[in-house]
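Peer 1: Listed below, chain by chain, are the residues.
Protein chains: 2
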Amino acid sequence: MQTHPTIKDGWFREISETSFPGQAFCLKVKRILHSEKSEFQDILVFESESYGNVLVLDGIVQCTERDEFAYQELISHIPLFSHPNPKRILVIGGGDGGVLREVVKHGDTIESVTLVEIDETVIKLSKKYLPNMAKGFDHEKVKVVLDDGFKFLKKVAQENNGKYDIIITDSSDPEGPAEAFFRKNYFELMYNALNDDGIVITQASENCWLNVDKLKDLKKICKQVFPIVEYGYVTIPSYTSGQLGLMCCSKKLQITEPIRKLSTAEESKLFKYYNSEIHKASFIHPTWAKKLIDGN
Amino acid sequence: MQTHPTIKDGWFREISETSFPGQAFCLKVKRILHSEKSEFQDILVFESESYGNVLVLDGIVQCTERDEFAYQELISHIPLFSHPNPKRILVIGGGDGGVLREVVKHGDTIESVTLVEIDETVIKLSKKYLPNMAKGFDHEKVKVVLDDGFKFLKKVAQENNGKYDIIITDSSDPEGPAEAFFRKNYFELMYNALNDDGIVITQASENCWLNVDKLKDLKKICKQVFPIVEYGYVTIPSYTSGQLGLMCCSKKLQITEPIRKLSTAEESKLFKYYNSEIHKASFIHPTWAKKLIDGN
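Residue numbers (our numbering), protein chains in the order written: chain A, 349 to 644; chain B, 349 to 644.
Pulled out of the complex, with its shape left as it was, chain A reads as follows (with noise of 0.2 Å):
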C-alpha cells in the first residue's frame, strides 16, 4: 500500500510551521491515487472521502473536486468581467486546467489562452484524476508551454509579438517552484507584457487571517508597479483558513466590479460561484484587516 508523509492514521493533514503554524487542515483519504517527487516537487492526489479527488503539492492542498471552482471561478472571472473585450490570455501555472475551463467561458470575445506551467507532471495527474478541471485543456483556443513563467515571460518581452490582455498567474505558494511569482520584478514582466488597459491577478498565498504583513507587503510591490491594485480574496474550505487572497493589478481599468454583466439566470447557467455581486463583495475587508492591507 502506497504511503505519503502528510497522511496518518487514514488522515491527511496540511502543516506548514512557517506559513500558519499551529493550525492544519485534514482531510479523510479513501486512498491513494498518485505520489512521486517530480523534477521540480512533491505531488500527492489522494481520494478524499468527502472532498473527491485532492491535488496537494509540497503537502499544500492545490485543488479538491468539491470546493475547486471556487478558486478557479474568481481568479478568472474578477480579471475577465473587469476587461471590456479580452482577446489574449496569459495562465501562469494552473496545470489542473481549471481556470482554462473558465477563460473560454467567455466564448467568442476570446482569441488565445496561453497556459505556461513548469511541471508537466501535473497536467498529466490532473487530467487522469482531475478531468473535470482538465477538460480545459481541450478548448480549440488553449495554447500550452511548458517553460518556467518567469523565463517565459523575458522572452515575451524580447520577442514582443503580440501582449496580453489579462494574465492570471495560478501558481503555489511561495516555498518552492513559484517563488520568484512573489517577487517585484516578475511584476514589472507581467506589466511589459500587459496591453495598455491590461490586467493581472495572482493568488496571494496568504489571507487577512493569516500573514497580514505578507499581504500589504505584496501590496506594496506591485503599488510599485501598477496604478491600481486592489485585494479580494474567495472563501474555500479547503485553503487555509477557510479563504484565499487575491492580488488584483491593473494598468487604468476598475477591477473591483464588473464592467461587463451577464443576466441572473445566465450567471447561474455558467457559474456556480461567480456572479456580479460576489465580483464586488470579494473587494470588501473587515476593519482590522482593510487598515493592515491598506497600510492606514
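A portion of the hints provided could be inaccurate.
One copy or two, it doesn't matter: identical chains are merged, so the pair holds either way.
When the alpha-carbon atoms are kept at most 25 Å apart in a straight line, the in silico BS3-like pairs for lysine-lysine are as follows [as the list claims (entries may be wrong)]:
no.: 1; residue 1: Lys639; residue 2: Lys628
no.: 2; residue 1: Lys356; residue 2: Lys378
no.: 3; residue 1: Lys638; residue 2: Lys628
no.: 4; residue 1: Lys564; residue 2: Lys617
no.: 5; residue 1: Lys564; residue 2: Lys620
no.: 6; residue 1: Lys483; residue 2: Lys356
no.: 7; residue 1: Lys356; residue 2: Lys376
no.: 8; residue 1: Lys376; residue 2: Lys562
no.: 9; residue 1: Lys609; residue 2: Lys628
no.: 10; residue 1: Lys638; residue 2: Lys532
no.: 11; residue 1: Lys503; residue 2: Lys620
no.: 12; residue 1: Lys620; residue 2: Lys638
These aren't lab readings, by the way, just hints derived from the structure by calculation.
Use these hints to put chain B onto chain A, whose structure you have.
Peer 2: The following block gives chain B in isolation, referenced to the frame of chain A:
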C-alpha cells in the same frame, strides 16, 4: 497530565461524522487548562500554540482568543445597526460574554441586556480563561439569568413585562443542549417576545459549504414565523470550513444594510471586524448557495 479524547499527539482535532464527515480543523495544544463534563455538556478549555485560549463544547470549537471578535461582532452588530434605537436586548446562550461586550458598545441607546445561559460553568470558565470576552459581564446594564433559553422565553410570554428589540441566539450546535433553538416553536417564542420592529439573529450551525439543505430548512422554518428572513455569514478560521452562517429574522425592518452608520474612524476604533460595508457584504453569496438557500 490532563488528557481529552479530542487531543492526540499534542493536537486538538474537531471531528463530527454527522455534521462534517471527512474533514477536521486541528489546533496545536500547548496545555489543557480545564476539562470537565458539566450537567449539560463536555467542556474543554486549552491554550493553543497560535490561537490563544480555546473553548470547546461537546468537541466543537466555540471560540478562540485570536478570531472570536469576527463572530461576536457580526452576530451583535448586524441586528443592532439594523435597528434605529435598540433598547432592550436579549442574549440566549453566549456564556463566554463576547456578545455582551459588543452589545454594550452601543452606549446610551441600550437600556438593558439580559443574558440567559443554561450552563453556569461556561460563564465561570470564561471569566477565568477568556477575560477579554467575559469582560462583557462587568457592564452595569447586563443582567444574567441562569436558565434554559427556551423555558425563559415561555415565561416571558406568560409574564408579558416588556418586550425585546433584539434577540441574539449565541448557542452551540443543535447536537447538544441547544437542539431546541433550531425548531419552529423557538422562533415563535422569540417572535412573541419581540417588539413590533424587533429583530432576531441566530447562529445557523451550518454554512453554505456544509449542509445547504439544513440551511434551507432553517430558513423555511423562519419564513413561517417572520416576514423578513435573510441568511448572512461571517468568515472565521476556527469554525468549520472557515465561516459560519447567521440566520436573521425581522418583523418589519430590513437587516441587510445598517440603518445607523458610524464614521470610518469610529468604526475603526470600536470594531476589529464590523463595518457598514461588511454588514452588507455578509449577505452576498456565491451563485450556487444563493440558489439553494433561497429555494430558486
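Peer 1: Next step is simple, just say for each hint if it's right about the structure.
Peer 2: Verification of the hints:
1. Proximity of Lys639 and Lys628 under a CA criterion of 25 Å is satisfied in both settings, with 18 Å inside one chain copy and 18 Å between copies.
2. In this assembly of identical chains, Lys356 and Lys378 lie within 25 Å of each other by CA distance both inside one copy and across copies; the values are 12 Å within and 21 Å between.
3. For the homomeric pair Lys638 and Lys628, the shortest alpha-carbon distances inside one copy (15 Å) and between copies (16 Å) are both at most 25 Å.
4. In the homo-oligomer, the alpha carbons of Lys564 and Lys617 lie at most 25 Å apart only across protomers (21 Å), although the nearest pairing inside one protomer, at 36 Å, exceeds that limit.
5. In this assembly of identical chains, the alpha carbons of Lys564 and Lys620 lie at most 25 Å apart only when taken from different copies (17 Å versus 30 Å within one copy).
6. Within a single copy, Lys483 and Lys356 get their C-alpha atoms no closer than 32 Å, and across copies no closer than 41 Å, so neither meets the 25 Å cut-off.
7. When the C-alpha separation of Lys356 and Lys376 is checked against a cutoff of 25 Å, the pair qualifies both within a copy, at 10 Å, and between copies, at 16 Å.
8. Taking the shortest alpha-carbon separations for Lys376 and Lys562, only the inter-copy value of 23 Å comes in at or below 25 Å, while the best intra-copy value is 31 Å.
9. Proximity of Lys609 to Lys628 under the C-alpha cut-off of 25 Å is found in both arrangements, the shortest distances being 12 Å within a copy and 20 Å between copies.
10. Taking identical chains as interchangeable, the C-alpha atoms of Lys638 and Lys532 lie at most 25 Å apart only when both belong to the same chain, with a minimum of 22 Å there against 39 Å between chains.
11. When the C-alpha separation of Lys503 and Lys620 is checked against a cutoff of 25 Å, the pair qualifies neither within a copy, at 36 Å, nor between copies, at 46 Å.
12. In this homomeric assembly, Lys620 and Lys638 come within 25 Å of each other (Cα to Cα) only across copies, at 10 Å, whereas the closest approach inside a single copy is 27 Å.
Violated hints, listed in ascending order, are 6 and 11; each of the other numbered hints is respected by the structure.
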